[in-house]
Amino acid sequence: EGGHGPYQPHEPGYGLDQPGYSPYEDEIPDAQARMLAIKNAKAYLLKTSTKSGLNLYDHFAAILTKVLDEQPANTVDIIETISQDVKWAQFRKKMDTLRDEHLIPPTFEAAEKCKALFIKEAGEEEHEELDEEMGEPALPNVMETAFYFEQAGIGLSKDECYYIFLAFKNLISVQPIQTCRFWGKILGLEMNYIIAEVQLREGEEEEEREEEEEETVAEEEKEMGEGEEEEEQKEKEPEPPKSTYKPPPEIPKEANGTGTNKYVYFVCNEPGKPWVKLPPVTPAQIVCARQIKKFFTGRLDAPIVSFPPFPGNEANYLRAQIARISAGTHVSPTGFYQFPEDEEEEEGGDTYEENPEFEPPPVAEMVESLAMWAHHVKGILKQGRCVWINPAQKSEEDEEEGEEEEEEEEEEHQEETGQPLLTLISEDEGMKNIPAWTAQASTNLIPEYSIAILQSNRWPGAYAFASGRKFENIYFGWGHKYSPESHTPALPPPAEAEFPSEPGITEAADPTVEEELAFKAAQEEALAEAEEEEEEEGEDD
Amino acid sequence: MEALSLPAALSLVAGGGAGLSPELRAALGASLPLLQRDYRFERVWFWGCIQGVRGAYYIAQGLGPDRAAPRSRLYSLNCLDWSLLTPATEEMLALAEEVKGRFQGDPSFEYSLAEINPEAAARLVQSGKEPVMKEEARLTATIEQIDRAVGIVPRGAFVKTPLGSVHENRHFEGLSLVEAKKLSSYFHFTEPTNLKNKTLLEKADLDPSTDFLNSLEHDIPQGKGSWSIQLEKGGSVVVLRSLLWLGLTFYHVPMTKQFGYVYFGTGEKNLDLPFML
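Chains as they are written, first to last, in UniProt numbering: chain A, 1 to 541; chain B, 1 to 277.
Hints listed in this document are in silico derivations from the structure and should not be mistaken for laboratory results. Quantities reported herein were computed from a predicted structural model and do not represent experimental measurements. Every residue, glycine too, gets a C-beta built ideally from N, C-alpha and C. Hints may be right or wrong, so weigh each one.
What the hints assert, rightly or not - Partial pick of chain A residues on the chain B-facing surface, computed with a CB cut under 7 Å:
{"no.": "1", "residue": "Gln-151"}
{"no.": "2", "residue": "Leu-156"}
{"no.": "3", "residue": "Lys-185"}
{"no.": "4", "residue": "Gln-338"}
{"no.": "5", "residue": "Thr-438"}
{"no.": "6", "residue": "Pro-484"}
{"no.": "7", "residue": "His-487"}
{"no.": "8", "residue": "Pro-489"}
Assemble the whole structure, with the sequences as input and the hints as a guide.
Spelled out as structure tokens, the structure:
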């Protein structure tokens, strides 16, 4: 008020320092009237809003209280957000006549499950005694493996590794397991899979086989029963021509304990959730899995919608991919495993044993030369099995068309041979200009303690490490093979040929009346001639 | 992800199996602050790692005061010595889309364009340059593509000031658990393209200070989208993994300010995505 000096006539503000002309006209000089104006202003500020039930006076009071309490920096810049925050806080308190249901967020449920992993069972002591009798502990040292892989920057967080460790312990106490290994983790859209590679104790496997046989026998009986019913129905109606299509004979899956089904796999979505056993894999599933590329959803019963149609659901697809990855990327230092000396070295040899005289080569050598590593899982042939089987042998059961068809099929099915067990990985083909494997040392700064790391380029996510006598394979990824070109789905098969013409179904024009009469006349003539001949013959006798 | 919160963040992202070895982590802890000092960045983000056939590139990004401005990118082969990458031009981006296959791991490797795209090669020859593309250029272009396509932030984490620059929102308290499961709560941190296409009704609900970016729910393919949202550790961390650029992982701890994304992968776009869903 009047602090800006005498204004010249040409300046704005001239004459405003006179009472009655100042810009602050609402400053009422009269004290009484001023008090009234203040009360009016305050009454206006105290007016409650029709929408929210708040009033500006309280709101400003709350803001100023908050600002003075917290004293943030650059308050004037964030004043709008402070005002909003105060409003939100007001809302929650006033409108909260109903209390929200106390939602238990899933965090706590999961925490409970994880805690359950830590609880030691009462029967622990018995288990420990058994383990000593059995010899080697079945529980893999997941933390040790995790430590080595961490040197390469691969692996899960330590917490998760420990949960997996405890989950394995549970698995071993529940299932009759001889050896067990952490195979890896496959990511999915909704949930992930943690996979354990397991060898069951021998007695247990036979029990499973019996169960499976019982199931298949029961199914066959059902089919027989249905077939009989169908036949009865069909005898009444004239049958349509039967299709001569014979599907190619189904290639039998490999027996449990050999080839692609050498190990049994258990999966769980998270440590703490129950372990589910994956069914054995069939060659048809592997052949189909090679042609499709699908993300896993995380639910084992999810259907796989694809072309060619996958024979199974996600559990089967997962098992097939695990089989492919194991066959392609499980390696060990050369010489660690050897063929047993008793058996002759067959090309189809499936067994190997540890070489007691194995001397681990230095890490530098393992990194430089890929010939220091060898596959210890048999590769899968095109047929979908590790050991080739001639599907023609099955058709011996068909008696009628047996021989000819066998010969034809033998010509078509050439015996497939894959690489024998324990081939060096230096013989793996690369794609274009990318080698199949990348080898690195974990650290160049401290070579004394570095370990050799192998990364697969064909199956991104497959890693192997070797350090002295210790080595391990693991997989972390989405479960797909790398291909330099984009995935092209299989084309639908060409349209089927038309049904071959047979006299019974060949189309022909219906004979006209004249033709029918002519035919009838001709038949009668022929009959008359035949009778005359017979009479003649009869007369001769 | 923020350089300072790197150790905690890496353990949250480790669900995918990829991470850094202790040696690299220690090296990053030492070299990233030095980067910040040398280049006068306000923030340094560890962007991730692109694995080549013979070696890996580790990438860091430096941000200035405006977080939406073009960022400076640096790469290193050992997390200690960093080299600045030239910003990507549209031409480089177009060329990089043609080059397919893994990175070699050697920054001076040259891709011969004559095999891949003869037209581009001819153009280059005419303008006096060699018809090759250096791996460095491909690296910059790929990082730019990944950032544009799948670099995401939670809604409300950044605010736009009236002057146009973008800052972190100091009042961002984190997404709630319910919001964190929805794709619409995350934004692409790049120039928005379809904000103007929204109907007036939708625009009325938007808050221009926080909703100035594209949200994820419009990502093709529609429906399932190209993201996998998972709650790990029973809901204490929400992890988004991109299905288009396999290897990009975004994490956020609901109700806290922690979020970030990192890329550990081969640097190749997953063009088979429609077949795989």
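Tested hints:
1. Gln-151: Since chain B brings a Cβ to about 5 Å from A:Gln-151, closer than 7 Å, the hint holds.
2. Leu-156: 5 Å, holds
3. Lys-185: 6 Å, holds
4. Gln-338: 32 Å, violated
5. Thr-438: 6 Å, holds
6. Pro-484: 6 Å, holds
7. His-487: 4 Å, holds
8. Pro-489: A:Pro-489 check passes; min Cβ-Cβ to chain B is 6 Å, inside 7 Å.
Checked against the numbered hints above, the structure breaks only hint 4 and satisfies the rest.
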